[in-house]
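Read off the chains here:
Protein chains: 2
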Amino acid sequence: MELEQLNRYLEEHDNYLILTHKSPDGDTLGAGFGLCGFLRSMGKNANVLNSDNFPVRYNFLYDGYYVQEFEPECIVAVDIADTQLLGCHLAKYAADGCIDLCIDHHISNTGYAKHNCVDADASAACLVLYKLFKLSGREISDQVAKCLYTGIATDTGCFKYENTTPDAHIAAAGLMKYNISYAAINRRMFDVKSKGRTAAEIMVIQQMEYFFDDKCAVITLTTETINSCGVEPAEFEGLASIPLMTEGVQIGITIKQRHENVYKLSVRTTEELDASHFCQRFGGGGHIRAAGCEITGTLEEVKAQVLQAVKEQLGY
Amino acid sequence: MELEQLNRYLEEHDNYLILTHKSPDGDTLGAGFGLCGFLRSMGKNANVLNSDNFPVRYNFLYDGYYVQEFEPECIVAVDIADTQLLGCHLAKYAADGCIDLCIDHHISNTGYAKHNCVDADASAACLVLYKLFKLSGREISDQVAKCLYTGIATDTGCFKYENTTPDAHIAAAGLMKYNISYAAINRRMFDVKSKGRTAAEIMVIQQMEYFFDDKCAVITLTTETINSCGVEPAEFEGLASIPLMTEGVQIGITIKQRHENVYKLSVRTTEELDASHFCQRFGGGGHIRAAGCEITGTLEEVKAQVLQAVKEQLGY
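From first to last, the protein sequence lines stand for chains G and P.
According to numbering that gives the first Met the number 0, the first sequence holds residues 0 to 315 in order.
According to numbering that gives the first Met the number 0, the second sequence holds residues 0 to 315 in order.
Just so you know, these hints were derived from the structure itself, not from any lab.
Heads up, some of the hints might be wrong.
[To be verified] List of simulated lysine-lysine pairs, DSSO-like, C-alpha gap at most 27 Å: (1) G/K133 with P/K176; (2) G/K194 with G/K130; (3) P/K310 with G/K192; (4) G/K192 with P/K133; (5) P/K310 with G/K176; (6) P/K130 with G/K194; (7) G/K192 with P/K302; (8) P/K192 with G/K194; (9) G/K176 with P/K43; (10) G/K194 with G/K43; (11) G/K192 with P/K255; (12) G/K130 with P/K176; (13) G/K176 with P/K263; (14) G/K192 with P/K194; (15) P/K113 with G/K302; (16) P/K255 with G/K194; (17) P/K176 with G/K194; (18) G/K192 with P/K130; (19) P/K192 with G/K255; (20) P/K133 with P/K194; (21) G/K194 with P/K194; (22) P/K302 with G/K194; (23) P/K192 with G/K310; (24) G/K255 with P/K194; (25) G/K214 with P/K192; (26) P/K194 with G/K214; (27) G/K302 with P/K176; (28) P/K194 with G/K310.
Isolated chain G (complex conformation) (with noise of 0.2 Å):
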C-alpha cells in the first residue's frame, strides 16, 4: 500500500486500536502514540496497546495520552514486522486477518496485514508516520512532533549508524521546527542511565573476553551471574553493542543463557564482517551488522561452536 492510499484509508475509516510490539522501543512507542495523536486530531477515536510495560524514560511520549472509550473497528500494527512480535499479551491479535493495517520500514516483514505499507528503505517506522503526515498537508501538534523525532532518533542511533538516509534527517529538521526539546530527549534516550544499568555495563566490560587478536569480544551472561550479581535482570537487556566498542574489534558476541543449555546469540560486526550471514549458520539472521541465533548445548560447547565459525570467518 502506498502513503496516498494510507491516507485516504485513514481518512475513510475510524475507531483504531494501534499495536505496538513486545519489549517496546522507542520506534514503536513514538509510531503508535505519535498516530494516535494524530487520528485523535483528525476528530477520529484512536488508543494504543501496548503488550509489555516500558521503561519510565519513555513515559514523555505519551503526555496527555488518555483511553478512549469506543469499539475497535481498525486494528494497525506499528513497527512490527512479525506477528510475533506482539509478544504474549496481545497474541490474541496474531490470528489470521485480524490485523487490518500495517505500517513498518522492516524489510523482513511478513505482510501478515490486510492491507501493508512497508517501507524499508525508511530508517524508522515514525520516519513513514512523518512522510505520511507530510503528504496529508494536515499539521501536526508538538507533542506528536516529540513522538516520531524520538522514533527516527533511537532507531538511527541518533543518526549515527548505517540505516540513516538522508530522508531521516531532512525529517529531523523537519521536526525541530517544532516545541520538541531535541537535546533532552536525546539526553534522555542516549546518556543517561540508572547505577544499576552502569552497573551492569561495568561488569560485562570487565568479564569481556577477546580473542583473534582482538578481532573478537565476547560476552557471556549465565542465569546465575546475572541473578546473583545483584543487579536487576532488566538492566542486562540490550548490552549487544557493547563488545564492539572497544578499538579494533570486528566481531562483538553476546551470549545470554535462555534456559538449562540454550543460549541465545546476539552478534554485532563492523563493515569486515556480515553479521547476518554468521548467523545464519546456526539458523538465525538479522542485518548485515545485526543478527542473532539460538544455540543449544552446555557453555562450553556453545563457545566453542561460536569460536570455531568466529575463526573461520575471520580467515584464521
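Fit chain P to the supplied structure of chain G, relying on the hints for placement.
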C-alpha cells in the same frame, strides 16, 4: 564578512595557509583539511598547519593530503575564536594583523582577523564552509564532504546537543549523498574506545561520589591516583561529561589535581542549573552547561568549598 564576499575573496586570492586550533578537534581539523581540499580543487595553493599533533582517529581527514611548496599570501584561521587558541606552536601568527581571514562559529570570536566570517548560529565551522561551498556552485570531492560531515557531527555530538540546528541536519543530508562512510566515521568518533580509556572511565565511575539525593556527582582525580593505576594519564582527559550520565544528577563536577594544592574543576549541568554561574564564584567561567575554574587548597578544603557551593545552588 558575508558568505558572498568570502566566496569572492577566495576566488581573488591564492597561496593559502590554513591554521587550526590547539588541542584540535573534529571541527577545526575538518574545516582545515576541507577548506584546503576545496581551494586546491579551485587550482589554488593551500596548506594546513596544526599547532599540536592530533589523535590518530582523525587521520582519515587528511587522506591524500600532501604539503605544497609556496610562499603564503593569505593566512586563514578556522574554528578559532581567539588568537590564544593558536597554541604555543602557532603563537607567531597571533601578532596583530597577521591573520587575513577567520572562518568561525563561536559567539565569543574576538574579531582578530582582517576579515572575519563568523556565523554564531552555525553548529560548526564546517557548517559555515558547507554553506560557502554550496554558494560557490562548485562541486566538492568525497574527501571534502567527509571532512565537513565529521566537523558537523563531532561539534553537535552526532546531532544530539542543543546546538544542533535544522541546517546542520540538512547539511548532513546533503553530505551523505557523497561517498563518505558516515557510519564508520561516527563509530570511530563516538563509539570506539581503547582498552585504556575504558579502564579510566570505569575507574572514575566506580569512585564517583554522590551528594544531595544524588543530584550532585563528583569525580576526584589526584595525580597520585592517575600515576599509580596503570592507565596512561592521557586517558583521563575529557571525562567531565561522565557524572551527568547518572539518572537524576543535575550537576557533575570533576576535580582534577594540577599541582600540589591546586585543583581544576570541570562542571557540567542539566537544564536546572547554570554551570557558568557556579564557576564564577571561584573566578572561573564558561558556558551555561559546561564551565570550569581553578581552586587552591588541600583536596579536603577544595571539596568542602565546592560542596558548600553546590548545597546553596541546589537550595539544600
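Each hint tested on the structure:
1. G/K133 with P/K176: The hint holds at about 23 Å.
2. G/K194 with G/K130: At roughly 38 Å apart (the allowed maximum being 27 Å), G/K130 and G/K194 break the hint.
3. P/K310 with G/K192: Satisfied, since the Cα-Cα distance of roughly 24 Å is no more than 27 Å.
4. G/K192 with P/K133: Not satisfied, since the Cα-Cα distance of roughly 40 Å exceeds 27 Å.
5. P/K310 with G/K176: violated (37 Å)
6. P/K130 with G/K194: Given that 27 Å is the threshold and the Cα spacing comes to 43 Å, the pair is violated.
7. G/K192 with P/K302: holds (25 Å)
8. P/K192 with G/K194: holds (21 Å)
9. G/K176 with P/K43: Given pair G/K176, P/K43 is violated - Cα atoms ~40 Å apart, limit 27 Å.
10. G/K194 with G/K43: violated (42 Å)
11. G/K192 with P/K255: OK: G/K192 and P/K255 at ~24 Å, within 27 Å.
12. G/K130 with P/K176: holds (20 Å)
13. G/K176 with P/K263: Since the Cα atoms of G/K176 and P/K263 sit roughly 39 Å apart, the hinted pair is violated (cutoff 27 Å).
14. G/K192 with P/K194: holds (21 Å)
15. P/K113 with G/K302: Roughly 65 Å between the alpha carbons, so the hint for P/K113 and G/K302 is violated.
16. P/K255 with G/K194: The given pair, whose Cα atoms are some 23 Å apart, holds under the 27 Å limit.
17. P/K176 with G/K194: violated (40 Å)
18. G/K192 with P/K130: violated (37 Å)
19. P/K192 with G/K255: Given that 27 Å is the threshold and the Cα spacing comes to 24 Å, the pair holds.
20. P/K133 with P/K194: violated (41 Å)
21. G/K194 with P/K194: holds (22 Å)
22. P/K302 with G/K194: holds (23 Å)
23. P/K192 with G/K310: holds (24 Å)
24. G/K255 with P/K194: holds (23 Å)
25. G/K214 with P/K192: The given pair, whose Cα atoms are some 14 Å apart, holds under the 27 Å limit.
26. P/K194 with G/K214: Distance ~13 Å between P/K194 and G/K214 Cα, so the pair holds.
27. G/K302 with P/K176: Outside the cut-off at roughly 41 Å; violated.
28. P/K194 with G/K310: holds (22 Å)
In summary, the numbered hints that this structure violates are 2, 4, 5, 6, 9, 10, 13, 15, 17, 18, 20 and 27.
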